[in-house]
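S.K.: Those protein sequence lines, which keep their order, are chains A and B. When the letters of the first sequence are read in order and numbered with this note's numbering, they come out as residues 1 to 163. When the letters of the second sequence are read in order and numbered with this note's numbering, they come out as residues 1001 to 1106.
No wet-lab data here; the hints were simulated from the structure. Remember, it's a predicted structure, so these values are computed and weren't measured experimentally. There may be inaccurate statements among the hints.
Said to hold, decoys possible - Quick look at which bits of chain B chain A covers, simulated, 3 or more residues with Cβ under 8 Å:
#: 1; region: 1013 to 1019
#: 2; region: 1022 to 1030
#: 3; region: 1040 to 1047
#: 4; region: 1089 to 1098
Stated by the list, open to error - Pulled a few chain B residues facing chain A out of the computed Cβ check, cut under 8 Å:
#: 5; residue: N1008
#: 6; residue: Q1010
#: 7; residue: R1056
#: 8; residue: T1057
#: 9; residue: L1069
#: 10; residue: F1070
#: 11; residue: I1071
#: 12; residue: C1077
#: 13; residue: L1083
#: 14; residue: A1084
#: 15; residue: L1085
#: 16; residue: V1086
#: 17; residue: L1103
#: 18; residue: L1104
Backbone N, C-alpha and C fix where the C-beta goes; we use that ideal spot for every residue, glycine too.
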Amino acid sequence: MFVVFALITLLGAGAMILQKNVITAGLCMVLCFFGVAGLFLLLANPVAAALQLIVYSGAIMVLVLFVIMLLNSHEEEPAAQSRPYQRWGGVALCAVLGVGALRLVMKSPAAAALGAKAGPAPAMTLEKVGRELFSAHLLAFEAVGLLLLAAMIAAVALTKKEP
Amino acid sequence: MDGLMSGNLQGYLAVGLLLFVAGLATVLVRRTLLMQFMGIELMLNAANVVLLAFARTHGNDVRGTVFYLFIIGVAACEAAVGLALVIAFHRHRQTTDADRADLLKQ
Chain A
1 MFVVFALITL
11 LGAGAMILQK
21 NVITAGLCMV
31 LCFFGVAGLF
41 LLLANPVAAA
51 LQLIVYSGAI
61 MVLVLFVIML
71 LNSHEEEPAA
81 QSRPYQRWGG
91 VALCAVLGVG
101 ALRLVMKSPA
111 AAALGAKAGP
121 APAMTLEKVG
131 RELFSAHLLA
141 FEAVGLLLLA
151 AMIAAVALTK
161 KEP
Chain B
1001 MDGLMSGNLQ
1011 GYLAVGLLLF
1021 VAGLATVLVR
1031 RTLLMQFMGI
1041 ELMLNAANVV
1051 LLAFARTHGN
1061 DVRGTVFYLF
1071 IIGVAACEAA
1081 VGLALVIAFH
1091 RHRQTTDADR
1101 ADLLKQ
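Working from the sequences, and respecting the hints, build out all of it.
M.R.: Structure below.
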């Protein structure tokens, strides 16, 4: 099961990069988010999986697709200047970072020991999350509420037509 | 390798890592602002995968999920403001190409 969801996630992400059409890329990204939600289920965390589906595959993707259709920018525009060095430099940088960090993770004895030590874990429930959230992290919760309000006002102010 | 396929900690770390690299490559290689925005979302998701995988090794620590909740909240704010910026940019320059946002360079 892990391999299936990991493949869905990574293939969705890979298809997103290579896709020319922005809308199709957005749909590939939804596929990737579904894979991530499956991974959360396998981690015995159905709360996070449900949140992932509601917030990412639902809300954020609808917002992105609306903006794509609003701006009518389905295709990538032709480049103003071709910058081959930047392009291939970026690809090389990503490849080096990916391969190097993968080797580090795979060879790390600490990560292997941590993974081997973990026993069976109880599934996450909404009740546990709520109790922790509203006792130890109440202030941060209120701050996030304020941040969301600020972001909402900022979005309205930024998109308002200037008089 | 056997444990990797059945999903041990290192398997999740590898998935998170590859997801992050995919997001970074999207931001670096693609020029459309909307694609770059999607790359940022991918990177945030990679962080979430790794966070919850580590929480799982600590007996499914509830603080991991609480922190994940906060990351989602901040990501939603980022989505709203980021897309508003893209719309404002499109209104001024009639393009969504990041390379054409070069007014300060001239």
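S.K.: Now tell me, hint by hint, if it's right for this structure.
M.R.: For each hint, the structure was consulted:
Note: the region 1013 to 1019 of chain B has 6 residues with beta-carbon separation from chain A under 8 Å; the three-residue rule is met and the coverage holds. With 8 residues bearing a CB less than 8 Å from a CB of chain A, the region 1022 to 1030 of chain B meets the requirement of three and the coverage assertion stands. Check result for the region 1040 to 1047 of chain B against chain A: holds, 3 residues qualifying (beta carbon to beta carbon below 8 Å, three or more required). Remark: the region 1089 to 1098 of chain B is confirmed as covered by chain A, as 5 of its residues place a Cβ nearer than 8 Å to a Cβ of that chain, reaching the required three.
The beta carbon of N1008 (chain B) comes within 4 Å of a beta carbon in chain A, closer than 8 Å, and the hint placing it at the interface holds. Because the beta carbon of Q1010 (chain B) sits about 5 Å from the nearest beta carbon in chain A, less than 8 Å, this interface hint is met. Residue-level restraint check for R1056 (chain B) holds (minimum Cβ-Cβ distance to chain A is 5 Å; threshold 8 Å). The closest approach between the C-beta of T1057 (chain B) and any C-beta of chain A is roughly 4 Å, which is under the 8 Å cut-off, so the hint is satisfied.
Interface restraint check: L1069 (chain B) against chain A, minimum CB-CB distance 7 Å, threshold 8 Å, status holds. At a threshold of 8 Å, the smallest CB-CB gap from F1070 (chain B) to chain A is about 6 Å, leaving the interface hint in force. With 8 Å as the threshold, the beta carbon of I1071 (chain B) stays out of range of chain A, its nearest partner Cβ sitting at about 10 Å, so the hint is violated. Interface restraint check for C1077 (chain B): the shortest CB-CB distance to chain A comes to about 4 Å, inside 8 Å, so the restraint holds.
With 8 Å as the threshold, the beta carbon of L1083 (chain B) comes within range of chain A, its nearest partner Cβ sitting at about 5 Å, so the hint holds. A cut of 8 Å between beta carbons decides the hint on A1084 (chain B): the least distance to chain A is about 4 Å, and the hint holds. Below 8 Å, beta-carbon pairs count as interface contacts, and L1085 (chain B) has one with chain A at about 6 Å; its hint therefore holds. Taken as an interface hint, V1086 (chain B) checks out: its beta carbon lies about 6 Å from the nearest beta carbon of chain A, inside 8 Å.
At its closest, the beta carbon of L1103 (chain B) sits 13 Å from a beta carbon of chain A; the interface hint therefore is violated under the 8 Å criterion. With a cut of 8 Å, the hint placing L1104 (chain B) at the interface with chain A is violated, because the nearest CB-to-CB distance is about 15 Å.
Of the numbered hints listed earlier, those contradicted by the structure are 11, 17, 18.
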